[in-house]
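**Student:** Chains as they are written, first to last, in my numbering: chain A, 1 to 332; chain B, 1 to 271; chain C, 1 to 282.
Everything labelled a hint here was simulated from the structure, so no lab data went into it. One thing to keep in mind: the hints can contain errors.
Which chain B residues stay away from chain C? Per the calculated CB distances, all over 12 Å, these [unchecked claim]:
{"id": "1", "residue": "Gly53"}
{"id": "2", "residue": "Glu158"}
{"id": "3", "residue": "Thr187"}
Partial chain A-side listing against chain C, Cβ under 8 Å, derived [said to hold, decoys possible]:
{"id": "4", "residue": "Gly57"}
{"id": "5", "residue": "Gly59"}
{"id": "6", "residue": "Asp60"}
{"id": "7", "residue": "Asp157"}
{"id": "8", "residue": "Lys158"}
{"id": "9", "residue": "Val189"}
{"id": "10", "residue": "Glu191"}
{"id": "11", "residue": "Lys193"}
{"id": "12", "residue": "Ile205"}
Note that the structure is a prediction, hence the values are computed from the model and not measured. A virtual CB, placed ideally from N, CA and C, is assigned to each residue, including glycine.
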Amino acid sequence: MLKKILTVTAVSAIVATGVSATELNGRGASFPAPVYKAWTSAYNKATGVKVNYTPTGSGDGIKSIIKRSVDFAGSDKPLKPKKLAKHKLYMFPAVVGSIVLAYNIDGVKDGELKLSREAIAAIFSGKAKDWDDPVIAKDNKDLKLPHAPITVAVRADKSGTTFNFTYFLNKIDSSFKVSKKPHWMAPKVVEGKSNSGVTANIKQIKNSIGYIEYSYKLESGLPAAQVQNRAGKFIKPTVASFQDAAKYAKWSKDSDFYAVIGDPDGNTSYPIVAATFILLPAEKADTNKEVVKFFDWAYKNGDKTAADLGYVPLPASTKDEIRKYWKEKGIF
Amino acid sequence: MEKRLLINKIILIASTISALIGLTFLFWILGTLMVKGLATIHWNLFTKDLVQGGIRNLIIGQFIMAFIATVIAVPLGLMAGIYLREYSYNNKLAMIVRNLSDVMMSAPSIVVGVFVYAIYVDKVGHFGGWGGVIALTIMMLPIIVSTTDNMLSLVPKELREAGIALGGSKHKIILQIVLKAAKVGLTTGVLLAFARVVGETAPLLFTSANNQYLTFNLNSQFPSLTVSIYNLATFPDKKSIALAWAASFVLTVLVLIINLTGRYITRNKHK
Amino acid sequence: MIGNMFKRFSLFSAISILLILAGIFVTLYIYASDSIHQFGWHFLTNSIWEVGEDDEGGVFGGLIPITGSILTTAIAMIIAVPIAMGIAVFLTEVAFPWLIKPVSIAIELLAAIPSIIYGMWGLFYFAPIIQKTFGGTGIGLLTASIVLAIMIIPFMSAITKDAMNVVPDVLKESAYAMGATKFEVIKDVIMPYSKRAIIGSVILALGRAIGETMAVAFLLGSIMRFPHKITDPTTSIPVLLANNFSEAQDLELSSMFYLALILFALSFAVISLAKFYFLRKD
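For reference, chain A alone in the conformation it holds in the complex (with noise of 0.2 Å):
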């Protein structure tokens, strides 16, 4: 009986500690999972490297990296330089993404729904609580909202999608923190664990609204609405808008990229676009290479993935910018 045991112990040793081939694991926001995933996947068969991402929000994510217990981490909340130099952090972006606001009403159909931006203030901050509110219909004349309570689906988690939404209501309404998490004051709320959470909130209860990444509404199928622009204009979520938006962004390799798009200026921008970071930790220089090289491979060959799930590819010279980056920190 011990022998058995003692023979199935050491098997499995052996087979437990097979050295398999590189593998780097990453964690972290879920709003660009969807375009990580594609790109992982690819990269696999490209390469034979197993890059493996867990999406679990920016706040993990964040966690995770200042333990170093993965090799590197997404975060849709940049950090600032100086918290950067404070836990040895490297940081550069990876793709943009924008923010749409989904909606399940009957009879409202997928861009019909117009939210000024007086009017998502009113939502998430609990002034608008029935659908039929004039806030909400004076912009709609042609769709019957209805006189129902609406249920606003937020975030569970410390969220970058959350930090980028919290962080365009702060630009129409001063009162409305910037935070990961904030407390919403809208009377009905529901909280879901990372986009797909909230997505699939949104998917199951009537009457809700929910902020969610745009390749999450693509991938449901949920409607979202068009939503005001800082130029006045209702903008409908589309590649190319965000591309209008995209422009705005103003990157600097010398700040670690550290920049956050909000609500930019022009005719034809979507207003909410975020792009979304990669952390790296400064002394893990031989995985740092690795990482690199994966997300060089990307920015050559990803873009088109990342456009087909609605992401907007980083501008080319942006692209040229972190490698410069890469290569003063000695990881690429």
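Dock chains B and C against chain A, hints included.
**Tutor:** Below, chains B and C without anything else, positioned relative to chain A:
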């Protein structure tokens, strides 16, 4: 007279209804699993890893962790059970261990996950299969202790006495006679314990975490079927949810097969 | 010599159980100590859970998750106890003999289904039904408690049945011989005889319910608010740990450990009460 018969009837009907409610839920849950599982299951799922939309690596990973946990927990739990039944003469220590082991058996599994996060993930600095193994071992150990304790108590005294009469030393009697006599019951206990831990999720969430690829390296994040179900279930797209159902179906079928096998072995013995 | 080593190893194995239990308590306490020093007992009565600027510091109180745990467990018990008792009575006194075996196996299989499966089923099949019947979003206290009840019913009825089966047949038969109805046998013979063990079984099931995580993780809503209606979402200790533990840092992480310690102590106390007082093994 009439009244007491009426009360009797009401109570009996109520208890029958309770049993029906219990059975309804069983068939409802199993039924949905069957319908959803059979609709989503496909041979390709077993040949591809999560990264390509399959569950091969998840099944392998989950079973490797549960298997190694078994390999650690069984000898340890068996020995502890042997101490309780054969060596302790029911002293105070045995009483405490016996009861605390039962208490540990019902400890919240999420707390075990948090504990292993502290002693493993926080110490080595990353998630890893070993963390999952440690957590599952802790979940399994008290079950094995309690099974061994119970099974050895069923072995008739006369067998041990016969062994002593033949001049066998104590450890030989335990290994060669007592354990042999309790073999079937112990095997059942191990299978039931395995079936229980292989379906655990909470102890793995922040210990082994998950891996999209097949790996045998227990020092890296390890693929887990249950953690994947937890992640996939809240995804909004049909593909992920279908995969979650397929994974749930496979998990339940495997768990029930192991569980029934365990029961079947004992039943045959008693015939 | 070998015999001695064997004996020592068996003693060591037995003690390892105690070491692991002590290790869990000590480790949780050490990791929770920052939060314990900062908030002390006030942690139990404070309902604010707010991370400070830039993830550093903050104010943390466990009242909402603690309340959520107590509420979900209490409602689940209210639903589960009568049904589990009914099943146990059915299996010991009511059912035809040929029915007892298959029904008990079925109930025990229900207990063997992994809890994540209950969560899946609850999310996709049960939550929509609750939403239709009771309003709300379908995700909340009621849904979580019912699924939790379904989850503990098989366990509770299995151990209650065992407790009832201990009653010697002679006692029951003589009562029947005197013309007692089945209900009277249950009430006047079985209950008094196995009352202690039945209470123990119920408390044991309660101990399990407090710590159950995966069946409710999807269903309670994991939102830091007190519920005002039974359909409102809230959170509980296991749900908060499952969903937010891995993103917490510093003081918040320490507060998570504090909650884990409270949960562990709570379930330890409840289960010990059941085991040491009602179901004592000697």
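**Student:** Quick one: which hint numbers does this structure break? Sort them smallest to largest.
**Tutor:** none
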